[in-house]
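Residue numbers (the numbering used here): 204 to 370.
It is possible that part of the hints are untrue.
[Unchecked claim] 20 Å max Cα-Cα, derived EDC-like pairs, lysine to aspartate or glutamate:
hint	residue 1	residue 2
1	K256	D281
2	K260	D296
3	K256	D206
4	K260	D206
[To be verified] Label pairs and their calculated CB-CB ranges:
hint	residue 1	residue 2	range
5	V351	T310	18 to 28 Å
6	L318	V363	15 to 25 Å
7	R286	A341	10 to 20 Å
8	S205	G346	15 to 25 Å
9	G288	G346	36 to 46 Å
Bear in mind the hints are in silico, worked out from the structure with no lab data behind them. C-beta: ideal position from N, C-alpha, C; glycine also.
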Amino acid sequence: MSDIEALVCSHWGHWSELTIQRVARPALRPGQVRIQVRHAGVGFAVSLFVAGKYQRKPPLPFTPGTEVSGVILETAPDVQHLRPGQRVVAALDWGAYAEEAIASADTTYPVPDGLALSHAAALPITYGTVWAALEWRARLQPGETLLVHGASGALGTAAVQIGRLMG
């Protein structure tokens with residue numbers, strides 16, 4: 204097993220204290236895929252992870268990053284719907300800021316040919332959050348009116364788009 208480069212958080216603190224290090228290549232477990240990272244999303248929640256202020260704290264040291272796009276290098280034998288060489292986007296608990304990332308196959312999605320991987324990397328957390336809010340919390344139904352106050356930001360834009368798709 205070879206090493207990879209990753210951005211590492213060794214203690215709770217500020218972004219400026221993260222360091223690039225060589226780390227052991229993470230092991231692939233059942234139900235997972237190994238992704239060659241091309242792009243990773245940056246968001247507010249990740250800064251909370253690094254500061255140790257998020258509701259869940261990864262064990263130190265860890266590699267931050269919760270959303271990634273890239274190309275599948277390897278799949279666990281039980282993963283049937285994804286394949287090596289496929290362009291994908293994935294939501295992770297953490298670990299996106301590295302040359303390679305391990306993701307659950309359940310939160311890894313193919314990227315259509317017309318969508319740039321650089322754009323796809325910003326989708327999983329924002330759009331996943333909005334979908335959960337509208338589907339699970341608001342229980343939005345076709346024909347209902349959705350008011351999005353502040354639709355110019357990432358979450359607001361996603362809410363308008365997903366709301367329209369929901370009817």
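Q: Check each numbered hint against the structure and report the violated ones by number, ascending.
A: Structure breaks hints 1, 3, 4, 7, 8.
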